[in-house]
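Colleague: Sequence:
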Amino acid sequence: MIVKISLGRLAILISILSEKEREKMMETGKQEGYRICTGKVGTMNAEKVISAVLTAAKRENLWDAESFREEHALYDATVEALSGICRGQLVLSEVQRTVGLFFTVVRGQMHHARGEWIAVCLYGTIGAPIRGFEHETIGLGINHI
0 MIVKISLGRL AILISILSEK EREKMMETGK QEGYRICTGK VGTMNAEKVI SAVLTAAKRE
60 NLWDAESFRE EHALYDATVE ALSGICRGQL VLSEVQRTVG LFFTVVRGQM HHARGEWIAV
120 CLYGTIGAPI RGFEHETIGL GINHI
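Using numbering that gives the first Met the number 0, you'd call the opening residue of the sequence shown number 0 and step up by one each time.
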């Protein structure tokens, strides 16, 4: 029996794998019917992380720009992932923190739920704005569309 990889797991794997492995995993996800986009963002502003994710997903047509419902689902998933990165507080510059993140957005069916869902994974580093003072971090947000 072949089991389809789950939406959230796919988003996490694409985010944490090496570039070569990432390409293979993205191809696997696309073959299973998922729509995927990736990108990078480095900033001291939480708003810029949200903007980078939404802009990349819009550029790759992962959500309908005319649909508030779709934009809101992506926004909520992004904020949920960012909340994991920031340990519940959506603040960076205010507490002298900077992030360097790779992000993955995956849209598609969940194996046990009706309708389409969207997952956002943020993976990278967070820390003081001094090289060497950062550590790895990861956040995942999933929302129905």
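Derived by calculation from the structure, the hints in this document are not laboratory data. Wrong hints could be hidden among the right ones.
[As the list claims (entries may be wrong)] Listed next, with one range per pair, are the computed distances between beta-carbon atoms:
#1 Asn60 / Glu26: 37 to 45 Å
#2 Ala127 / Phe67: 34 to 42 Å
#3 Gln95 / Ile4: 36 to 44 Å
#4 Asp63 / Gly38: 15 to 23 Å
#5 Gly41 / His71: 24 to 32 Å
#6 Thr27 / His111: 28 to 36 Å
#7 Thr124 / Glu65: 19 to 27 Å
#8 Glu22 / Arg58: 36 to 44 Å
The C-beta atom is built at its ideal place from N, Cα and C for all residues, glycine as well.
Colleague: The structure should be examined with respect to each hint, and the outcome stated for every one.
Modeller: Do the hints match the structure? See the list:
1. Asn60 / Glu26: 37 to 45 Å: violated, 18 Å
2. Ala127 / Phe67: 34 to 42 Å: Hint holds: Cβ distance 38 Å, inside 34 to 42 Å.
3. Gln95 / Ile4: 36 to 44 Å: holds, 38 Å
4. Asp63 / Gly38: 15 to 23 Å: Roughly 19 Å apart at Cβ, these two residues keep to the hinted range, so it holds.
5. Gly41 / His71: 24 to 32 Å: holds, 26 Å
6. Thr27 / His111: 28 to 36 Å: Violated, at about 20 Å.
7. Thr124 / Glu65: 19 to 27 Å: violated, 36 Å
8. Glu22 / Arg58: 36 to 44 Å: violated, 19 Å
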